[in-house]
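**Student:** Now for the letters of each chain:
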Amino acid sequence: MQIVKVEGSLQCTARIEGLKHVALRVLQTESGSRLVATDPVGAEPGNWVFVTSGSAARYTAGDFEILTDLAVCGIIDHWPDKE
Amino acid sequence: MQIVKVEGSLQCTARIEGLKHVALRVLQTESGSRLVATDPVGAEPGNWVFVTSGSAARYTAGDFEILTDLAVCGIIDHWPDKE
Amino acid sequence: MQIVKVEGSLQCTARIEGLKHVALRVLQTESGSRLVATDPVGAEPGNWVFVTSGSAARYTAGDFEILTDLAVCGIIDHWPDKE
Amino acid sequence: MQIVKVEGSLQCTARIEGLKHVALRVLQTESGSRLVATDPVGAEPGNWVFVTSGSAARYTAGDFEILTDLAVCGIIDHWPDKE
Amino acid sequence: MQIVKVEGSLQCTARIEGLKHVALRVLQTESGSRLVATDPVGAEPGNWVFVTSGSAARYTAGDFEILTDLAVCGIIDHWPDKE
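Chains as they are written, first to last, in this note's numbering: chain H, 1 to 83; chain D, 1 to 83; chain Z, 1 to 83; chain Y, 1 to 83; chain R, 1 to 83.
None of these hints come from the bench; they were simulated from the model. Incorrect hints may have been included.
What the hints assert, rightly or not - Once the Cα atoms are required to be at most 27 Å apart in a straight line, the calculated DSS-like pairs of lysine-lysine come out as: (1) K20(Y) - K5(R); (2) K5(Z) - K20(R); (3) K5(D) - K20(D); (4) K20(H) - K5(Y); (5) K20(Z) - K5(Z); (6) K20(D) - K20(Z); (7) K5(H) - K5(D); (8) K20(H) - K20(Y); (9) K20(H) - K20(D).
Stated by the list, open to error - Label-pair distances were calculated between CB atoms; the ranges are: (10) P45(Y) - K20(R): 23 to 33 Å; (11) P45(R) - G62(H): 43 to 53 Å; (12) E44(D) - E30(R): 33 to 43 Å; (13) S31(R) - T29(H): 39 to 49 Å.
Positions of the beta carbon are idealized from the N, C-alpha and C atoms, including for glycine.
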């Protein structure tokens, strides 16, 4: 699972039905690139979170039919390199 | 899910049957490399979109038998770094 | 799906039974690294092709028991950056 | 499977139910980036371990419902480049 | 499938049961990083091999319950860039 920082939410119009009504977050990786993930946890901008990928991501919201490949798993309280 | 920009469509002849008649888009990543994705959304050149990978991609067009590993999920309306 | 160029075929002896008698191609990525893929399409050296990965690759030859993780999906006729 | 070094454990609050009560380790890759993995083996900080990804990771703790995409598989005793 | 060179075997103690008694090889990629793979083929140090990833890797030894994500598929006899 990757460690990333939450930047904000994502607004999009033409969206496949397979994403249903889950919240989408824009995340920044340690190397500075950006990713989009579904968020069943309710992370806020500035939070450090870890994300799971692949088919595991689709189960995180309790619904395998959500067509994500990346989902927030937890908000990190303490992580040696955060400060 | 990755954030990429649509460049255009892809023309190809010898194509496996498993891709059926879905539209194929050429996409450019933030780092400048190119990818091909199926597009059930109808994205236009210049659009910023996000794409899902793996088995989730095959469900986006409602047909698991489409042998893609990358599919457009939505067109981004607003994204902090777009401007 | 990734865009790669066909270099040639691959000869190998000790080969797992799970690859059966499918043709194997050596491919070069845009960044210059090399990959091996199964080829149900019949691509020639010098062709630009796009490849699918993961479980989708195993279906491309119509036989899920072929233990590949990368397969040629189509030969590209026209691609803006090819010339 | 990737070779990584254990840094320590991860504390997190808002955590999806799908991770249950498995231990989470922060790992450092050879290139210096960080990952999080479930650990059914009991690795200690400073150990070199190897990790499996994807759906295989979910089986390592004997419970496919654990929504990890990376799990510790073993502690390495001897590895040519460790010293 | 990736092309890698065999460095040697891997000794490890605390190892998950899911790896059973398969041989483990340390491999070096073209870019110099190291990976671990199960080896149903019997590759020797110095051999160039190609490896399959993901769920396909688990079938290579004829036993889906082996929790690997990378397995040796074949020893390369001839490859343009080897000399």
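**Student:** Does the structure break any of the earlier hints, and which numbers would those be?
**Tutor:** The structure conflicts with hints 1, 2, 4, 13, although it agrees with all the remaining ones.
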